[in-house]
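S.K.: Read off the chains here:
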Amino acid sequence: MGWLRRLFSRERLEADLDKELRFHFEYQVADKVRSGIPESEARRLTRIEFGGMEQIKEDCRERRGTMWLESLLQDVHYALRQLRKSPGFTIPSVLTLALGIGATTAIFTLVQQVMLQSLPVNRPDQLWRIGDQPHCCNWAGYSQDSGGELSDWNLFPWEAYKLFRANTTGFQDLAALQAGNMPLAVRHAGSSGPPDTANGQYVSGNFFATLGVPAWRGRLLIDADDQQGASPVAVMSFHAWQEKYGSDPSLVGSAYQINGRAFTIVGVAPAGFVGAKMVDSGMPDIWLPLSTEPLMLGTTARIKNARVDWLDLIGRVRPETNPKALQAQLQSELHGWLASHLADMSPQEKAVWQKQTLRLSPGGAGFSSLRRDYSESLLLLMFTACCVLLVACANIANLLLARGLKNRQQTAVRVALGASRARLVRNALLESTTLSLIGGAASVAVAWAGARLILYLAFHMLERSTWIPVQATPSTLVLLFALGVAVLTGVIFGIAPAWMTSHAEPVQAMRGANREVGGGRHWAQKALVVAQAAVSLVLLSAAAMLGGSLRNLEHQNFGFDPDGRYLVYLNSMLVSKYKQEQLVPLFREIQDRLSAIPGVRGVSSATYAPMAGNQWGHDIRVQGKPEPGPKDDVSADWTRITPGFFDTIGARMQAGRAIHEDDNANARHVAVINQAFARKFFENQNSIGRHFGPAAVRNAGTYEIVGVVQNIHYLTWGFRDPARPMYYIPEAQTVQFDQPDLQSDELWSQNLYNIVIWAPGHRASMLMQVKKALAEVDPNLVIYDVQPYSRVIQGTFDQQNMIASLTWLFGAVGLVLAAVGLYGVTSYGVEQRRSEIGVRMALGADRGSVIAMVLRGAFWQVGIGLGIGIPAAIGAGYLMASQLFGVTPWSPLLLAGATVLLGLAALCAAVMPARRAATIDPMQALRSE
Amino acid sequence: MKKTDDRLDLPQGTLDLLIMRVVALGPIHGYAIAQRIQQISRDALQVQQGSLYPALHRLEYKKLLSSRWKPSETGREAKFYELNSKGRTHLKVETENWTRLTDIVSLILEGTLEGI
Numbered sequence: 001m002g003w004l005r006r007l008f009s010r011e012r013l014e015a016d017l018d019k020e021l022r023f024h025f026e027y028q029v030a031d032k033v034r035s036g037i038p039e040s041e042a043r044r045l046t047r048i049e050f051g052g053m054e055q056i057k058e059d060c061r062e063r064r065g066t067m068w069l070e071s072l073l074q075d076v077h078y079a080l081r082q083l084r085k086s087p088g089f090t091i092p093s094v095l096t097l098a099l100g101i102g103a104t105t106a107i108f109t110l111v112q113q114v115m116l117q118s119l120p121v122n123r124p125d126q127l128w129r130i131g132d133q134p135h136c137c138n139w140a141g142y143s144q145d146s147g148g149e150l151s152d153w154n155l156f157p158w159e160a161y162k163l164f165r166a167n168t169t170g171f172q173d174l175a176a177l178q179a180g181n182m183p184l185a186v187r188h189a190g191s192s193g194p195p196d197t198a199n200g201q202y203v204s205g206n207f208f209a210t211l212g213v214p215a216w217r218g219r220l221l222i223d224a225d226d227q228q229g230a231s232p233v234a235v236m237s238f239h240a241w242q243e244k245y246g247s248d249p250s251l252v253g254s255a256y257q258i259n260g261r262a263f264t265i266v267g268v269a270p271a272g273f274v275g276a277k278m279v280d281s282g283m284p285d286i287w288l289p290l291s292t293e294p295l296m297l298g299t300t301a302r303i304k305n306a307r308v309d310w311l312d313l314i315g316r317v318r319p320e321t322n323p324k325a326l327q328a329q330l331q332s333e334l335h336g337w338l339a340s341h342l343a344d345m346s347p348q349e350k351a352v353w354q355k356q357t358l359r360l361s362p363g364g365a366g367f368s369s370l371r372r373d374y375s376e377s378l379l380l381l382m383f384t385a386c387c388v389l390l391v392a393c394a395n396i397a398n399l400l401l402a403r404g405l406k407n408r409q410q411t412a413v414r415v416a417l418g419a420s421r422a423r424l425v426r427n428a429l430l431e432s433t434t435l436s437l438i439g440g441a442a443s444v445a446v447a448w449a450g451a452r453l454i455l456y457l458a459f460h461m462l463e464r465s466t467w468i469p470v471q472a473t474p475s476t477l478v479l480l481f482a483l484g485v486a487v488l489t490g491v492i493f494g495i496a497p498a499w500m501t502s503h504a505e506p507v508q509a510m511r512g513a514n515r516e517v518g519g520g521r522h523w524a525q526k527a528l529v530v531a532q533a534a535v536s537l538v539l540l541s542a543a544a545m546l547g548g549s550l551r552n553l554e555h556q557n558f559g560f561d562p563d564g565r566y567l568v569y570l571n572s573m574l575v576s577k578y579k580q581e582q583l584v585p586l587f588r589e590i591q592d593r594l595s596a597i598p599g600v601r602g603v604s605s606a607t608y609a610p611m612a613g614n615q616w617g618h619d620i621r622v623q624g625k626p627e628p629g630p631k632d633d634v635s636a637d638w639t640r641i642t643p644g645f646f647d648t649i650g651a652r653m654q655a656g657r658a659i660h661e662d663d664n665a666n667a668r669h670v671a672v673i674n675q676a677f678a679r680k681f682f683e684n685q686n687s688i689g690r691h692f693g694p695a696a697v698r699n700a701g702t703y704e705i706v707g708v709v710q711n712i713h714y715l716t717w718g719f720r721d722p723a724r725p726m727y728y729i730p731e732a733q734t735v736q737f738d739q740p741d742l743q744s745d746e747l748w749s750q751n752l753y754n755i756v757i758w759a760p761g762h763r764a765s766m767l768m769q770v771k772k773a774l775a776e777v778d779p780n781l782v783i784y785d786v787q788p789y790s791r792v793i794q795g796t797f798d799q800q801n802m803i804a805s806l807t808w809l810f811g812a813v814g815l816v817l818a819a820v821g822l823y824g825v826t827s828y829g830v831e832q833r834r835s836e837i838g839v840r841m842a843l844g845a846d847r848g849s850v851i852a853m854v855l856r857g858a859f860w861q862v863g864i865g866l867g868i869g870i871p872a873a874i875g876a877g878y879l880m881a882s883q884l885f886g887v888t889p890w891s892p893l894l895l896a897g898a899t900v901l902l903g904l905a906a907l908c909a910a911v912m913p914a915r916r917a918a919t920i921d922p923m924q925a926l927r928s929e
Numbered sequence: 001m002k003k004t005d006d007r008l009d010l011p012q013g014t015l016d017l018l019i020m021r022v023v024a025l026g027p028i029h030g031y032a033i034a035q036r037i038q039q040i041s042r043d044a045l046q047v048q049q050g051s052l053y054p055a056l057h058r059l060e061y062k063k064l065l066s067s068r069w070k071p072s073e074t075g076r077e078a079k080f081y082e083l084n085s086k087g088r089t090h091l092k093v094e095t096e097n098w099t100r101l102t103d104i105v106s107l108i109l110e111g112t113l114e115g116i
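Chains as they are written, first to last, in this note's numbering: chain A, 1 to 929; chain B, 1 to 116.
Because the hints were derived from the structure by calculation, they are not lab data. Be aware that one or more of the hints could be misleading.
[Claimed, not checked] As a list, the in silico DSSO-like pairs of lysine-lysine whose alpha-carbon atoms are at most 27 Å apart:
| id | chain 1 | residue 1 | chain 2 | residue 2 |
| --- | --- | --- | --- | --- |
| 1 | A | Lys32 | B | Lys92 |
| 2 | B | Lys92 | A | Lys19 |
| 3 | A | Lys32 | B | Lys62 |
| 4 | A | Lys577 | A | Lys324 |
| 5 | B | Lys70 | A | Lys19 |
| 6 | A | Lys57 | B | Lys63 |
| 7 | A | Lys19 | B | Lys63 |
[To be verified] Restraint-style ranges between C-beta atoms, simulated for each label pair:
| id | chain 1 | residue 1 | chain 2 | residue 2 | range |
| --- | --- | --- | --- | --- | --- |
| 8 | B | Trp69 | A | Asp31 | 20 to 26 Å |
| 9 | A | Arg81 | B | Gln38 | 57 to 63 Å |
| 10 | A | Arg81 | B | Val93 | 31 to 37 Å |
| 11 | A | Leu417 | B | Pro71 | 33 to 39 Å |
| 12 | A | Ala30 | B | Asp43 | 51 to 57 Å |
Glycine included, C-beta positions come from ideal geometry on N, C-alpha and C.
Given the sequences, and given the hints that come with them, work out the whole structure.
M.R.: Structural data, given as structure tokens:
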């Protein structure tokens with residue numbers, strides 16, 4: 001590292017060089033003196049012969065090969081000195097940059113993890129999944145067409161998985177994992193305390209081997225564990241092991257009660273591996289072999305049911321395999337399998353089974369519903385953050401330009417002394433890059449805090465016990481991103497000032513005329529202000545649209561009244577093993593206990609309540625109606641409720657009666673339908689007394705309709721879609737179906753997962769009171785959460801709220817920056833035109849006309865900015881249309897509002913310099929030249 | 001002083017060769033190198049300080065020359081350059097190349113033009 005040593009011994013080298021040349025000089029002088037020339041003349045002659053001593057030194061340094069680095073260091077030193085010398089410029093610039101780069105980097109932190117990252121497994125590029133959409137959680141039937149639309153297969157039954165795995169040679173290994181989440185209650189064997197709740201996921205025995213994941217502790221699952229009759233084992237995720245069990249090494253090999261069954265935890269998965277599924281709730285804590293599903297679920301198990309599709313498939317493809325050929329082979333295997341179930345198919349399924357398709361897609365990123373749900377929002381945020389960063393860049397470019405113009409004399413002197421233009425440009429760029437690198441370093445902290453803020457706003461990570469596999473801590477890639485953005489912004493905002501500098505005419509500048517009039521040199525500054533105004537307007541109008549959309553979402557009519565209602569999430573079946581016939585009395589007792597809490601006016605339970613994140617659907621048949629065609633959508637959602645549900649939740653009956661206490665096991669089977677159901681299946685004709693049931697047609701007489709209730713919004717999405725048909729059946733009635741999948745649902749749905757409590761004006765902690773009351777019924781009941789219903793609704797729109805809040809934040813920052821920019825340019829212009837204004841005033845211009853002149857200049861720029869910004873804002877509105885609810889992309893009111901806001905900010909920014917211009921004393925201004 | 005017109009322009013790279021040749025005679029400082037070249041060439045070549053020192057520093061940087069500070073004949077300390085073994089080999093190779101090149105060039109320039 002010769003050059004490095006030379007770099008550090010620079011001072012000695014410099015001294016040596018000087019000494020060497022001086023020796024030469026003196027020798028030459030002495031020679032001349034010896035030949036008879038007087039010494040002073042000899043010196044003069046030698047100096048002429050030598051030429052520029054500094055020039056020779058510079059050449060020598062260049063030959064040494066460290067020149068570029070030395071001069072770079074020199075320039076960096078120079079840049080740092082310049083920045084230190086003017087803290088009034090440096091500190092605001094660094095802060096602005098830290099915010100701008102930090103915001104962009106914060107969003108990139110999430111973009112990287114949600115959209116760019118592969119699974120932390122061996123060779124993720126070799127992984128392919130069967131299917132191309134992330135789906136949850138169960139699908140029933142031999143067709144995956146939905147609502148009459150053709151659709152690829154995404155979920156598969158166990159039987160098809162076995163067939164694919166055995167016959168598809170293109171896969172080195174093919175693994176299956178449960179598409180949904182299995183709620184677990186885990187307790188150390190022999191312990192009697194309350195169990196820990198956990199999320200479970202059934203996986204095939206070769207799941208870890210297929211992904212190529214090694215064990216962190218103990219061993220992972222193998223095929224031998226996934227056999228009927230194998231002793232039940234489970235693997236824990238590193239996250240759960242660390243968070244819930246304090247990384248206790250004795251956990252591996254220990255016996256545990258999982259949902260009351262004896263399991264052995266055989267190992268812990270490696271740190272960083274969170275499974276093959278990226279979801280925002282229900283990341284797996286524990287992996288169980290598929291073969292333990294019947295043990296856990298008994299009669300409601302899905303593994304042996306060929307009609308239930310509940311598995312995601314992911315495989316490692318052999319290196320030479322052609323994915324297209326593999327897809328074709330799988331498709332024909334699917335058809336072969338479907339053909340073997342012809343006897344079991346409904347007429348509709350028989351009509352379409354040959355048209356069923358599947359698609360192979362790259363599986364390196366696993367099954368990410370995060371990617372599906374958040375990509376669009378993240379890109380939108382990335383775009384807004386970039387806009388803010390651009391506005392920030394423009395501001396700093398403006399400040400640099402103003403500084404460059406102010407330092408023109410200094411620059412001129414440097415040019416006159418021989419500094420090359422290239423060196424000056426490099427100096428200027430280096431100064432801006434140094435500035436942006438300091439800003440970039442500071443931005444890492446902003447990025448970390450920003451990413452945490454986003455995660456908090458979007459997922460309430462700090463208040464919920466669930467976690468999502470996304471972290472705020474910046475990775476190496478994120479740090480590189482920040483570095484790249486910093487350098488890029490440094491160049492972007494440095495380029496105009498550098499260009500200006502390089503065109504400094506020394507003579508002109510040294511003449512020292514400050515006689516600048518309007519227009520002239522700072523057109524670049526004005527262009528930047530115009531751009532800032534335009535970008536700010538786009539940000540403000542986007543924020544206004546998103547804010548309006550969020551307000552519309554939260555205050556729409558959901559078909560029930562969330563005021564004074566609470567939602568309880570519970571699981572009664574995890575630990576206690578109630579028999580089917582014990583469930584109805586259990587919930588009666590639960591409701592009685594809860595009703596005794598002071599202030600409670602109503603309690604009712606349901607399989608799932610509105611907006612609790614669940615949806616059960618069936619295809620139905622109406623008695624007396626012809627068999628529907630294969631393309632007809634005859635699906636309806638359904639849930640079980642206890643009597644009084646509609647009163648408790650605040651929904652109104654439209655016709656007939658609600659479900660009451662007499663709808664019990666001894667009475668005929670009844671159902672209440674919603675308006676959408678009545679409209680779709682009975683064209684709003686009298687539906688009371690009619691009969692229907694889940695497909696097939698032999699069940700059409702199952703339920704008698706006794707009432708119609710208003711539409712209640714159940715889903716947490718699709719707020720723009722028309723209301724879905726829905727029916728409600730009483731908890732106390734059980735039907736015997738001969739189809740196993742219907743019967744499984746029938747039994748399963750009697751475990752009620754939600755309780756709605758109506759307690760207007762209740763003040764005390766509902767959670768504690770509910771927990772106490774339920775513990776009196778059965779200490780083994782698992783209560784996940786109790787939330788006010790308004791919070792449940794708010795939580796549904798967390799993502800929209802996060803986007804709207806951040807866009808407002810960005811819009812506000814952009815507006816402030818633009819105002820600061822306008823202020824800077826205007827006051828700089830006033831400063832430059834002091835003498836001109838002085839002359840004008842001396843010639844009779846009054847203060848009012850001076851103020852008007854300055855304001856006119858400022859508003860011209862803002863006006864042009866608006867001219868560009870308004871069409872851009874409308875365009876942005878159309879781009880965002882898919883994110884908006886009840887807000888049109890082209891909304892004159894919102895645009896006018898944003899324009900007024902921008903105008904006010906501009907007025908504030910321009911008035912101060914204008915007033916200063918008006919107070920210029922003509923005499924002083926003219927004298928100061 | 002000679003007029004600039006009479007001075008010969010050195011082809012690229014020859015100054016290095018001349019310097020190395022002079023340095024090969026024994027440790028020598030920069031001023032003496034310039035003097036020696038001027039003497040040997042009978043004043044036909046005058047090496048300017050502006051070319052001499054960058055060349056010396058380049059050769060030193062390429063590790064063909066080594067240097068040492070020691071008292072000169074006037075008693076003042078001067079930087080003496082020496083040819084090291086790498087420089088010696090380099091000089092030998094370059095001298096051969098130069099001789100071959102000049103032979104070929106003169107062969108062409110002095111030959112008859114009949115063959116064309």
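S.K.: Hint by hint, where does the structure go against what was stated? Just the numbers, ascending.
M.R.: Hint check: 1, 2, 3, 4, 9, 10 and 12 fail, others pass.
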